[in-house]
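The primary structure of each chain is shown beneath.
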Amino acid sequence: MKVAVIGAGTMGKVHLNCYQKMEKIEVVLCELDQQKREEISRLYRIDSTGDYQQVLAADFDIIDICLPTYLHQEYTIKAARAGKHVFCEKPIALNEEAAWNMLSVCRENGVKLGIGMVLRFYPEYRALRQRYQEGLIGEAGVINGFRGGGGYPRGWNDWYADEQASSSLVVDLLIHEVDFIQWVFGDVRRVYAKRKCSAGRSGEDKFEIYSTIFQLENGVLVNLDGSWYDEGGFHSWLEVAGTDGLIAIRPERSIPIKTQFNSILGAEVAVPASPLTKTPFQLELEDFVEAVQQDRPPGVRVEEAIKALRVTLKMYQSAQLGEVIDVKGGQSR
Amino acid sequence: MKIGIVSFAHPHAYSYLNKLINNQRVDWLGFFDDDQARAKEVAAKYQINSYASIKELMEQKLDGVIVASENAKHREQVCLLAPYRLSILCEKPLATNCADGLAMIKACQEHGSTLGICYPVRYLSSIREMKNKIKEGVIGRIEHITASNHGSYPGGWFAQPDLSGGGALIDHTVHVCDIVYWMTGARPTKVIAMANTMRAGLKVEDLALLNVEWNQGFDLTLDSSWSRNEHYPIWGDVKFKIYGNLGMIEVDSMNQVIEIYSNKKDKPLWSYWGDDMDQGLIDSFVDSIEKGVPFPVPAEDGLVSLKVVDMAYHFLRSEDNRAIEY
Numbered sequence: 001m002k003v004a005v006i007g008a009g010t011m012g013k014v015h016l017n018c019y020q021k022m023e024k025i026e027v028v029l030c031e032l033d034q035q036k037r038e039e040i041s042r043l044y045r046i047d048s049t050g051d052y053q054q055v056l057a058a059d060f061d062i063i064d065i066c067l068p069t070y071l072h073q074e075y076t077i078k079a080a081r082a083g084k085h086v087f088c089e090k091p092i093a094l095n096e097e098a099a100w101n102m103l104s105v106c107r108e109n110g111v112k113l114g115i116g117m118v119l120r121f122y123p124e125y126r127a128l129r130q131r132y133q134e135g136l137i138g139e140a141g142v143i144n145g146f147r148g149g150g151g152y153p154r155g156w157n158d159w160y161a162d163e164q165a166s167s168s169l170v171v172d173l174l175i176h177e178v179d180f181i182q183w184v185f186g187d188v189r190r191v192y193a194k195r196k197c198s199a200g201r202s203g204e205d206k207f208e209i210y211s212t213i214f215q216l217e218n219g220v221l222v223n224l225d226g227s228w229y230d231e232g233g234f235h236s237w238l239e240v241a242g243t244d245g246l247i248a249i250r251p252e253r254s255i256p257i258k259t260q261f262n263s264i265l266g267a268e269v270a271v272p273a274s275p276l277t278k279t280p281f282q283l284e285l286e287d288f289v290e291a292v293q294q295d296r297p298p299g300v301r302v303e304e305a306i307k308a309l310r311v312t313l314k315m316y317q318s319a320q321l322g323e324v325i326d327v328k329g330g331q332s333r
Numbered sequence: 001m002k003i004g005i006v007s008f009a010h011p012h013a014y015s016y017l018n019k020l021i022n023n024q025r026v027d028w029l030g031f032f033d034d035d036q037a038r039a040k041e042v043a044a045k046y047q048i049n050s051y052a053s054i055k056e057l058m059e060q061k062l063d064g065v066i067v068a069s070e071n072a073k074h075r076e077q078v079c080l081l082a083p084y085r086l087s088i089l090c091e092k093p094l095a096t097n098c099a100d101g102l103a104m105i106k107a108c109q110e111h112g113s114t115l116g117i118c119y120p121v122r123y124l125s126s127i128r129e130m131k132n133k134i135k136e137g138v139i140g141r142i143e144h145i146t147a148s149n150h151g152s153y154p155g156g157w158f159a160q161p162d163l164s165g166g167g168a169l170i171d172h173t174v175h176v177c178d179i180v181y182w183m184t185g186a187r188p189t190k191v192i193a194m195a196n197t198m199r200a201g202l203k204v205e206d207l208a209l210l211n212v213e214w215n216q217g218f219d220l221t222l223d224s225s226w227s228r229n230e231h232y233p234i235w236g237d238v239k240f241k242i243y244g245n246l247g248m249i250e251v252d253s254m255n256q257v258i259e260i261y262s263n264k265k266d267k268p269l270w271s272y273w274g275d276d277m278d279q280g281l282i283d284s285f286v287d288s289i290e291k292g293v294p295f296p297v298p299a300e301d302g303l304v305s306l307k308v309v310d311m312a313y314h315f316l317r318s319e320d321n322r323a324i325e326y
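Chains F and B, in that order, are what the protein sequence lines are.
Going by my numbering, the first residue of the first sequence is number 1, and it counts up by one from there.
Going by my numbering, the first residue of the second sequence is number 1, and it counts up by one from there.
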């Protein structure tokens, strides 16, 4: 299988690393920034190109898009029209219309579309799901969770700080937990969100905080917070209290090794990692490669990724309006 | 000093009694309880005088009295006590709604009694340290607070709405909101709440999430659920995560424990060794009586946090996705 990774940002590098560990995968990098391209290409000892048209014309099986969110639609559609299967980083797109468009173009061209909802491949989250489904804590009642704490990310051209490009923290970060919660516990009915964001471009003191409360169709309550704020490192946790018990994923029980880097050396988006033979990123990419090889749907359906996007966009809207928003629209209380 | 207790309905009453016994300056204790069986038990176990009515208890010429009855009885009992011109300390919440709370405050003012409220969380050193740091401005302007006051299911009258006024929401929201008010002086302006009942057959909510906006530009997200089950290693928590524009403070006030894994217990234990907040509260009550000053946490403070409860239940009853802004 031949894979082209598009974009050598934080996620692009993570994906390159994964493909190199996988058997029978030939991986190439496509990156517009010449200096970055040469540096990464040397570091990973792989071929690279700065020309996406060249990638589209070549015989790649999969195009893996690790670009800022606002570019997902354009690059996915071009790849699909060139007959390539597409794996695209989360969030799938900036809005639902773009997301459905991506899916329909992929369908029309008979190619698969996979979305990087990687949290589903984290063993601790999978274990929580499995233990919950074994009935160990009865029926879920209230869920508390958090993701973030690694400071404000400094992406290419500061795209995280541009709401038109990223749709803010909630869409980029909390989409993971929203997807996981909907996967395991059920669809979200209504949301309320508060957002605090300091002005300006990313820098030492820029921050963004989201605090959300929401309720699922089955009544389960959730408090999910996220921050791009320096909380001493990126982390996430989740706690589910039910009728017969409580299950918790806690950072202090998830990190067997810690390494701290001096922030003066320049921070990019921190990627949470707990040493494993195969990282969750490798598992998600292996799943997609296998889906292509066996002509089966990917583990995470695009419709589910879009459903998670919808909820986070409603949170974004709720934070702007200051009111509870029904995910399906209309009155549902 | 002579101290009375009105009702052992609230389990905190037993703790307050023990703290009163510990306090050297208290030399007389008596009580009234409208539950005769419970009154007999308490009198026998603690060897203190039981009286058949509030009037009989008041004939003993007390210096102070603690009301620890069911929430819905606070108003009537405090109003009965008010004419005796003494220091009254009422268990939280002050009442089941602000109107009742206000009536209690007015009755005490009219008769020259003082009315204080039991907010023991104010007596924890970690909470005091958090308040001092906020006052010093070390994290700058507060932007957002996420807090929790998770607890276990208390059962009994706590689940009877006519006696409790509500479930986990009224039981726990007031603690956290009081700390926010005490720490900042801010007042609540808008409340969004989501509640649910997870335990089968329960008539009150045992799960509640709130977002409260305050008039200093920050908001508070709060989980006040009775979400701790019987096998959880500790009763619950009181946690704060405060984001400022310059830094953040995280407080897990019950995180002063030793872990115990014993073959003699059916669950692991987090055994708490931090400040005894109830002792702090009771000693402060006794001090205030000795000095002839009102209890440092006036009932008016109890009204601020009860206002959040009123607003939350109003929002839950309304069929609107928008909250009234005060």
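Derived from the structure by calculation, the hints contain no laboratory data.
Note that the structure is predicted; figures quoted are calculated from it, not measured.
It is possible that part of the hints are untrue.
[Stated by the list, open to error] With a Cα cut of at most 25 angstroms, we get these calculated BS3-like pairs of lysine-lysine:
| # | chain 1 | residue 1 | chain 2 | residue 2 |
| --- | --- | --- | --- | --- |
| 1 | B | K133 | F | K196 |
| 2 | B | K40 | B | K61 |
| 3 | B | K2 | B | K190 |
| 4 | F | K196 | B | K135 |
| 5 | B | K2 | F | K206 |
| 6 | F | K196 | B | K190 |
| 7 | F | K2 | F | K78 |
| 8 | F | K24 | F | K2 |
| 9 | F | K36 | F | K21 |
| 10 | B | K131 | F | K196 |
Evaluated hints:
The suggested pairing of K133 of chain B with K196 of chain F holds, with an alpha-carbon distance near 21 angstroms, which does not exceed 25 angstroms. For the given pair, K40 of chain B sits about 22 angstroms from K61 of chain B by alpha-carbon distance, which is consistent with the 25 angstroms threshold. Taking the CA atoms of K2 of chain B and K190 of chain B, the gap is near 42 angstroms; set against the 25 angstroms cutoff, the hint is violated. Distance restraint check for K196 of chain F and K135 of chain B: the Cα-Cα separation of roughly 21 angstroms lies within the 25 angstroms cut-off, and the hinted pair is therefore satisfied.
Proposed proximity of K2 of chain B and K206 of chain F is contradicted: the alpha carbons are some 57 angstroms apart, above 25 angstroms. A C-alpha spacing of about 17 angstroms is found between K196 of chain F and K190 of chain B, which places the hinted pair at or below 25 angstroms, so the restraint holds. For the suggested pair K2 of chain F and K78 of chain F, the alpha carbons sit about 17 angstroms apart, so the restraint of at most 25 angstroms is met. Distance hint between K24 of chain F and K2 of chain F is fulfilled; the C-alpha atoms sit about 9 angstroms from each other, no more than 25 angstroms.
For the given pair, K36 of chain F sits about 22 angstroms from K21 of chain F by alpha-carbon distance, which is consistent with the 25 angstroms threshold. Our distance criterion of 25 angstroms between C-alpha atoms is met by K131 of chain B and K196 of chain F, whose separation comes to about 22 angstroms.
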